[in-house]
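Protein chains in written order, with our numbering: chain Y, 56 to 317; chain X, 188 to 426; chain U, 16 to 219.
These aren't lab readings, by the way, just hints derived from the structure by calculation.
All figures in this text were calculated on a predicted structure; none of them were measured in a lab.
Label-pair restraints from in silico Cβ distances: (1) X:LYS288 with Y:ASP83: 45 to 51 Å; (2) U:SER125 with Y:LYS295: 54 to 60 Å; (3) Y:ARG226 with X:VAL196: 22 to 28 Å; (4) X:ASN380 with Y:ALA93: 36 to 42 Å; (5) X:ASP382 with Y:GLY237: 58 to 64 Å; (6) U:VAL133 with Y:ARG63: 25 to 31 Å; (7) Y:LYS312 with X:ASN381: 53 to 59 Å.
Okay, derived cross-link-like pairs now, DMTMM-like style, lysine to aspartate or glutamate, Cα gap no bigger than 20 Å in a straight line: (8) U:LYS127 with X:ASP253; (9) Y:LYS215 with X:GLU273; (10) X:LYS221 with Y:ASP262.
If you want the footprint, here are the derived chain X segments under chain Y, 3+ residues with CB under 8 Å: (11) 214-223; (12) 226-237; (13) 258-270; (14) 273-281; (15) 300-313.
Think of the CB as a built atom: it goes at the ideal place given N, C-alpha and C, for glycine as much as any other residue.
Given next are the chains, with one letter for each unit.
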Amino acid sequence: MQVKVNNREYISGLLGKGTRETTRGFSDYRKIGLTLGALPQAEGSAMADMGDTKVLAGVKLGVGTPLQDKPGEGTLITSTELLPMASPRYETGPPSPDAIEFARVVDRGIRAANIIDTKALFIEEDKVWNVFVDIYVLNYDGNLFDAGTLAAMSAILTAKQPRFEDGAAIRDNGLSRIKTNGKIVTSCTFGKLDGHVLLDPDGNEEDMMSSRVTIANDEGAIRAMQKGLRGAFSVEEVEKAIDVTFERSKELRSIVKKVIGE
Amino acid sequence: MTTEKPQLVTNGKRVDGRGLDELRPIKIEAGILKNADGSAYLEWGSNKIMVGVYGPREAFPKHVQDPERAIVKCRYAMAPFSSLEEHGRSGPNRRAVEISKVTKEVFENVILLERFPGCEIDIFIEVLQSDGGTRAAGITAAAVALASSGIPMRDIPYAVSVGKDGENLLLDLNKLEDNTSDADMPIAIAPRNNDVLLLQMDGTLTKDEFARGVSMALKAGEHIVALQRAAIGSKYRKE
Amino acid sequence: MPRIVLPGDKLADKPLRIDNATLEDGKSYATVPGLFDDEKESFIPLESVWYPRMEDSVIGIVEDARNGVYTVALNSPFKGLIITRRDSNGPELEVGDVVESIVRSVKRESDKIILILVRPRNLHEGKVITVKPSKVLRIIGKANTMIKLLTEGTKSNIVVGMNGIVWIKGGNVPLAVTAINRIQAEAHVAGLTERITTMLKESQ
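Excised from the complex, chain Y in its bound form (with noise of 0.2 Å):
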């Protein structure tokens, strides 16, 4: 029933007068919301909102096998959901290109910084606990990366490590969290639009960039990025991407920090 809308020309217009809808600056998020627990079955779980982007991360731990090259640790899995309801553009089936991308790049940035301790997953010989962290887009309004990642790692730092007993995972009252290495990933994207680049870009927005940049890090170091779309973006943009991205990902970090309660 609903028609895409088409705000090219508005949007242009703002941006030539240095605004965006909502007044915000070219290096401003929209409004952020990070909830916790909001499913007690799952070992972990967070929603994050981003204007109205709304994902909901899972964290749920199983009995596995190791990889071949790494017996002694357990692996992080990542998946993502672009659930039809979150969009008319989405539909059901497999799951397309965007959605993979989409998962790789949020898992690549906290794989990259060893957030997960892998080896404290290890249980005994052949058996090792493997971490899946499901994304799930509920609303879709642009920047699914940044919101994925919000989501992923604070379901992730408060997850619940279930005890292994008599040949089963058992889930009871008292459980620690998985151990974690005490750095939080988070990331910015930017979106590339009649040549301006902007933090955090709405779903008007996304439909207009003609590249996009991810630039995931921790306190000290950039641990993933990822580069998206047929345009280009000169050294310099992505130089001064990296400089917001360092600026802006303290108020991630304390957004996260609040509500894991550290």
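Got chain Y; can you put chains X and U on it based on the hints?
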């Protein structure tokens, strides 16, 4: 691992402390998703369910279009993190496909499809957390999402399940009860005339037990309908 | 006093000539949430899908352009068609254009319903928002009072399509959007005009 059947009823109380004909607590909220034409979030005991509906919109692909009426499409799916136990497989399995089909048929009965030839109405039911009775919860939530979107309907259906343990009939089975009961019968009702829109049964049931089970469901329906109506009507109440 | 009714609620023990009612055994029942006045037998839908009528003014987005025949998406189950003659001096339209036009006729093709649209006007550079079709009459107001209030309070040019698409250009666009969203949310609460007047005054 023990396979012994737990005792489901002790001194007239069930494993979670409920009476035999007592529903779990239910909470319904309408209109929380921005893009969907209608939406509802429902908590029913530990079940947590999100529903989004779209339409009527042009049916796609073209060959599914019906020149006489709109078609209904339904997807019921369980999130891989929804269960207390292991991580599930993503994507609908055979069980989910069947539930999607019988749910679709519930709404084909009540939506005024003939007003929208060539169109489709999509119902997306995502079980975010499950504890037994998710199909009934999904139907109850989808009805709220549809009604609050302005899609014309003859009635607002609800659903609930009735189970059996030995001599006892139990209303609204949770997961543990569902796994070990002697029968489980989900039923969906159009409350205006108590038409049965969905009926499934698995186990052993006498005709008398069926009749008693239905009247148990209808009685519970009064409460469920009140909650559905409050969720739809809440935004129209004058402050 | 009108009462709030929901789908399935009985409106009357007799047939009523109301779009949002269904007839069963000679009795009328509501099909969408609405306000029903038992004395006047009038029904105001609180939610509804837009159902086209002749002479409705609508706003749509051009989806397809071929040899002067344009398909227009209308926030509705049904597509609009604009057919221009080569010698006419109507506007040249492109895919993605926002266009205002009038419903000339509602045609039942072999497999679906198509709206024939006439007198197209291309709307440039504005912001397009969608609203609930059931709230359109409230946004326009009795004798255009509400839309006048909005235009004066925001200095924006505002065009409202009966199909629930609104186009806003110039003036204070964010204020106009906020005001329209507030009208949608509070459409059923008395004293709306006063509240919107105050809001627009305070925001200046």
